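With these hints in hand, go ahead and build the complete structure from the sequences.
If you read the sequences in order, they're chains A and B.
Here the numbering used here is used: the first residue of the first sequence is 1, the next is one more, and so on.
Here the numbering used here is used: the first residue of the second sequence is 115, the next is one more, and so on.
Heads up, a few of these hints could be off.
To be verified - One-sided excerpt, in silico: chain A residues whose CB lies under 10 Å from chain B: (1) I7; (2) G9; (3) V34; (4) I42; (5) V91; (6) E93; (7) T100; (8) M101.
These aren't lab readings, by the way, just hints derived from the structure by calculation.
For clarity, every value in this text was computed on a predicted model and none was experimentally measured.
Where a beta carbon is used, it is the ideal one built from N, C-alpha and C, also for glycine.
Here's the letter readout for the chains.
There are 2 protein chains.
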Amino acid sequence: MYSSELIKGTLKTIVLKLLTSQEKMYGYEITQKVKTLTGDKIQITEGALYPTLHALEEEGVVTTETVYIGKRIRKYYSITPKGKSKVEEKVNEFSEFMETMKFLLDIKPQTGNV
Amino acid sequence: MYSSELIKGTLKTIVLKLLTSQEKMYGYEITQKVKTLTGDKIQITEGALYPTLHALEEEGVVTTETVYIGKRIRKYYSITPKGKSKVEEKVNEFSEFMETMKFLLDIKPQTGNV
DNA sequence: AAAGATACATAAGATTTCTATGTATGCAAT
DNA sequence: ATTGCATACATAGAAATCTTATGTATCTTT
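Okay, here's the thing in structure tokens:
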């Protein structure tokens, strides 16, 4: 498990990206998928996910569809065209950010005053 | 400039790493160095930096030395041995995190129900 | 003399996430 | 049958982090 601060700021990107890989997913499914895909390294908590999904819906980047599985409710999320361009932006930005960080974190110590 | 959320959680890592590259640095110098090194892509604000530096000092990963340049004060920060092992940990963790994210953000869309 | 850069610092607010809690169903084991 | 675990939604309060704004003061350049 990564220290949670690292994951901050990437949650929306992860969720949107996942929603481009499948036509629709529901909240609980997203938490499990991320857990599995990352070998338990990233765990999205429900307390973080659900408010985020609601925010994404308000932004118009996902739409919902409520389904009953027996008596249990299930809320499917799908990405909108607006969401598709958004996720592309976000992924590109994150890739650039990673390059910058790689460079920064590869700085070598100066040799002392020889 | 990156959207600020991305940078969250990486400030301490950046600062500590920089302090391994030079024997000592002062706050303002750190902001300028990061700005220069990243081509203005990452800008550390003073409101974020100073509290962080104070926290790092409390954690015992940096020590300070106050110097007068004329009448103007300057506070130099140096990394401690404890800080050196900390920064190694943090850089490793971030590298792993980047690998995980790369994998996640490279997921391909499923072909539809053909 | 004014403006901009240097150099420190803190406080209020925004944002994001975590922990905890709540409700409820379905299923498996005792 | 009932206890416990997994599924599935949701929100509220607390914690952490960063931004914006403000404050003080010096130095340098125009």
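Can we keep the T100(A) interface hint, with Cβ of chain B closer than 10 Å? holds, 5 Å
Using the nearest Cβ pair, does M101(A) come within less than 10 Å of chain B? holds, 7 Å
Under 10 Å, Cβ to Cβ, is where I7(A) needs to be relative to chain B, so tell me if that hint holds or is violated. Holds. Min distance 8 Å.
Grab the minimum C-beta distance from I42(A) to chain B and call the hint holds if it beats 10 Å, violated otherwise. OK, holds: I42(A) within 10 Å of chain B, min 6 Å.
Does the CB of V34(A) sit less than 10 Å away from some CB of chain B? Because about 7 Å separates V34(A) from the closest Cβ in chain B, which is inside the 10 Å limit, the hint holds.
Does the nearest C-beta of chain B fall within a distance shorter than 10 Å of the C-beta of G9(A)? holds, 3 Å
Please check whether V91(A) passes as an interface residue: C-beta within 10 Å of a C-beta belonging to chain B. holds, 5 Å
Given hint E93(A) near chain B, where the shortest CB pair must fall under 10 Å: holds, 6 Å
Checked against the numbered hints listed earlier, the structure breaks none of them; every hint is satisfied.
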